[in-house]
Amino acid sequence: MPANARFLEAATLLVGVLIWIASAAAATPEPLAVHEIAPGVFVHQGRYELFTPRNEGDVSNAGFIVGRDGVAVIDTGGSPRIGASLLAAIRARTPLPIKYVINTHMHPDHVFGNVAFEAEKPTFVGHHKLPRALAARAQRYLAINKELLGNEAFAGERIIAPTLLIDDKLELDLGDRTLLLEAQKTAHTDNDLTVLDKKTGTLFLGDILFVEHVPALDGSIRGWLALLDQLKQRTDIARVVPGHGPASVPWPAAMAAEQRYLGRIADDVRALIKQGKTIQEAMATAGLSEKDAWLLFPEYHARNVSAAFAELEWE
Amino acid sequence: MHVAVNPGRLLLTLVAAAAMAFSSLPARADDPWPDIKRDVFDNRDIAEEDGTISLDAPYRAEDAAVVPLTMRIPASIARDVKTLTLIIEKNPAPVAATFHFGEAAGAGERMLSTRVRIDMYSNVRAVIETTDGKLHMATKYVKASGGCSAAAGKDMDEALASMGKMQIRTFEPATPPTSSPDMREAQVMIRHPNFTGMQMDQLTREFTPMKIVQEIEVKRGGQLIFSVEGGISISENPNFRFTFAAEGSAPIEVTAKDTDGRTFTGTSADKAT
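Sequences listed follow chains W and P, in order. Per my numbering: the first sequence = residues 1 to 315. Per my numbering: the second sequence = residues 1 to 273.
One or more hints might be untrue.
As the list claims (entries may be wrong) - A few chain W residues facing chain P, derived, Cβ under 8 Å:
#, residue
1, Thr28
2, Arg140
3, Asp218
4, Ile279
5, Gln280
6, Phe297
7, Ala302
8, Ala307
Stated by the list, open to error - Here are the computed lysine-lysine pairs in the DSSO-like style, where the Cα-Cα straight-line distance is at most 30 Å:
#, chain 1, residue 1, chain 2, residue 2
9, W, Lys291, P, Lys143
10, W, Lys185, W, Lys291
11, P, Lys165, W, Lys274
12, P, Lys140, W, Lys146
13, W, Lys277, P, Lys82
14, W, Lys291, W, Lys274
15, W, Lys169, W, Lys198
16, P, Lys140, W, Lys291
17, P, Lys90, P, Lys211
18, P, Lys211, W, Lys185
19, P, Lys257, P, Lys211
Stated by the list, open to error - A few chain P positions that, by computed beta-carbon distances, are all more than 12 Å from chain W:
#, residue
20, Asp30
21, Trp33
22, Ala61
23, Thr130
24, Ala159
25, Glu215
26, Ala250
27, Thr267
Honestly, the hints are just simulated from the structure, not real lab data. Here a beta-carbon is modelled for each residue, glycine too, at the ideal position from N, C-alpha and C.
With the hints as extra help, turn the sequences into a complete structure.
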């Protein structure tokens, strides 16, 4: 066999091996890093970033709670790939069936991983307004985020809406472990759902709480501030899991910064509306004292002011 | 986290690069302006950026469904301006709104501001026609995407429940009038989802039917300040801020009609709710 033919053969083999390794890596993703923040309660901390092909949609917190009979997943990450990595993290810890996949609200970084859990045949759970919110936005969410995430992370994405809907409150039993699900009034979005693990007093707040990552307003600033006040009074909470921020934070101390941020925007915007200023003027000036207190401030702040203005000008 | 060598990704990158190289070639052919100029303005000459009309728009929209635009016309020609046409070139229906000015719009510097949806990176153009039949234009490029297919409302129940509510505010002039005739400023806000007909409900696979405010008349003491024919590009809860002649104390009266045949009325004499 001539030397160049042998070389070709070797090269072909090498390429084949590389393709095999690459496809094997895609089929069994590495487990996400998770912290056990309370016995049987695991949380993965997402990065403080926008969607990029590089982070594959790993920009929000996701978690799971293990009971005697099964597992409940709370949010699934921002892509099928992150969802699969979360599933791998669960399977590294328990063979129990995944009974529920709960979404805290409609945003892609919390629901795009749902599809990775479909084969486990869980019941998908959400706020009673979540299916409508997803239906109205699905077309746009898919188009925009396919571009942001890139083909690899996005591959296989389908939006899966919940079938078990929470109108007000519902308890789910995982065996020796009860979760209290509560549909909240419009705050971060109009479909925010909180999940309390009664056994440990761990409350998953979804994006009702942002820590370090600047809050993003897509619901009602008045509703959000009112909800924080109400949650502050509760005595059944030992710790909370924010939608963006450290895996576990103390309550109510951890909400002080967000309450201050939203309050500052509401105060500034109300004052500007009273002075007859425009939405453009408000977007350029309101809440700027918060600039150095948050990550991703330039990415979200002006939009938050725009949303707050469009709401508060009707007061 | 994943294997570094991925031949598929390299191939994709090459394909994407090739696609981009080709797609950038016929850019001129994609320019929608010649067709719009022909269809809307009969291919008449349009003077550009000649100081008769100015347009303020953000270069990058923070929220593509709520992009604030402000147009200004100097006092020197305000009286001669008959109409103002607002064009968003790349929107599905490029004519966003056509304003007709009346007697009560006044003779001082004229300002008109509204909020629009912008579907993709696009030129936005404000074109005025003066009584001598001439056209003048100001243009701004705005980076935005998804404004027309954006779901209506951050709180959908609230949007539908409060449809038709109107709020009309008048403002004291920020600075005392100088050389130009005395003008005042007001704002008309109408609660309406302004469904574009492009918002798809993925559950039913049907588009939410178009439901928009299509005609608004703003008058004072029986005299027209302006009227506007609006399209799907006007944001949810249509919002107009404008100047008007200050003389007299008559309230501002607004009549709005939507595509379902509903009529909404309001006056600045009403207490804001």
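Hints and how they fare:
The criterion of a C-beta within 8 Å of any C-beta in chain P is not met by W:Thr28, whose closest approach is roughly 11 Å, and the hint is violated. Given the 8 Å rule on beta carbons, the hint for W:Arg140 holds: about 5 Å separates it from the nearest Cβ of chain P. The beta carbon of W:Asp218 is positioned within 8 Å of a beta carbon in chain P (closest approach about 6 Å), and the interface hint is therefore held. About 5 Å separates the beta-carbon of W:Ile279 from the nearest beta-carbon of chain P, less than 8 Å, and the hint is met.
Annotation: W:Gln280 was flagged as interfacial toward chain P, and the flag holds, the nearest CB pair being 5 Å apart, inside 8 Å. Evaluation of the W:Phe297 hint against chain P yields a violated restraint, the C-beta minimum of about 13 Å exceeding 8 Å. Taking 8 Å as the C-beta cut-off, the interface hint given for W:Ala302 holds, the closest approach to chain P being about 5 Å. Given hint, W:Ala307 at the interface with chain P, holds; its Cβ is 6 Å from that chain's nearest Cβ, closer than 8 Å.
For the given pair, W:Lys291 sits about 24 Å from P:Lys143 by alpha-carbon distance, which is consistent with the 30 Å threshold. As the CA atoms of W:Lys185 and W:Lys291 are separated by approximately 28 Å, the hinted pair is consistent with the 30 Å bound. Between the alpha carbons of P:Lys165 and W:Lys274 the distance comes to roughly 20 Å, so the proposed pair stays at or under 30 Å and holds. Restraint check for P:Lys140 and W:Lys146: the C-alpha separation of about 28 Å stays at or below 30 Å, so the hint holds.
Proximity of W:Lys277 to P:Lys82 is assessed by CA-CA distance (about 28 Å); at most 30 Å being required, the pair is judged to hold. Using a Cα cut-off of 30 Å, the hinted pair W:Lys291 and W:Lys274 holds, with the two alpha carbons roughly 23 Å apart. The straight-line distance between the Cα atoms of W:Lys169 and W:Lys198 is roughly 14 Å, inside the 30 Å bound, and the hint therefore holds. In summary, the hint linking P:Lys140 to W:Lys291 is supported, as the alpha carbons are separated by about 29 Å, within the 30 Å threshold.
Under the criterion of a C-alpha separation no larger than 30 Å, the hint pairing P:Lys90 with P:Lys211 is consistent with the structure, at around 21 Å. Between P:Lys211 and W:Lys185, the direct Cα distance comes to roughly 27 Å. Compliance with the 30 Å bound is thereby established for this hinted pair. Of the pairs offered as hints, the one joining P:Lys257 and P:Lys211 holds, with about 11 Å between alpha carbons and a cut-off of 30 Å not exceeded. For P:Asp30, the requirement that its beta carbon stay farther than 12 Å from each beta carbon of chain W is met, with the minimum near 19 Å.
Consistency note on P:Trp33: stated as away from chain W, and its beta-carbon is indeed over 12 Å from all of that chain's, at 25 Å minimum. The beta carbon of P:Ala61 is not kept farther than 12 Å from every beta carbon of chain W, the shortest such distance being approximately 9 Å. Its beta-carbon lying about 27 Å from the closest one in chain W, P:Thr130 satisfies the requirement of being farther than 12 Å from that chain. Not every C-beta of chain W lies more than 12 Å from that of P:Ala159, the closest at about 10 Å, which undercuts listing it as non-interface.
The beta carbon of P:Glu215 is kept farther than 12 Å from every beta carbon of chain W, the shortest such distance being approximately 22 Å. No beta-carbon of chain W is positioned within 12 Å of the beta-carbon of P:Ala250; the least distance is around 20 Å. Residue placement check: P:Thr267 keeps its beta carbon more than 12 Å from all beta carbons of chain W (closest about 17 Å).
The structure fails hints 1, 6, 22, 24 (numbered hints given earlier, in ascending order).
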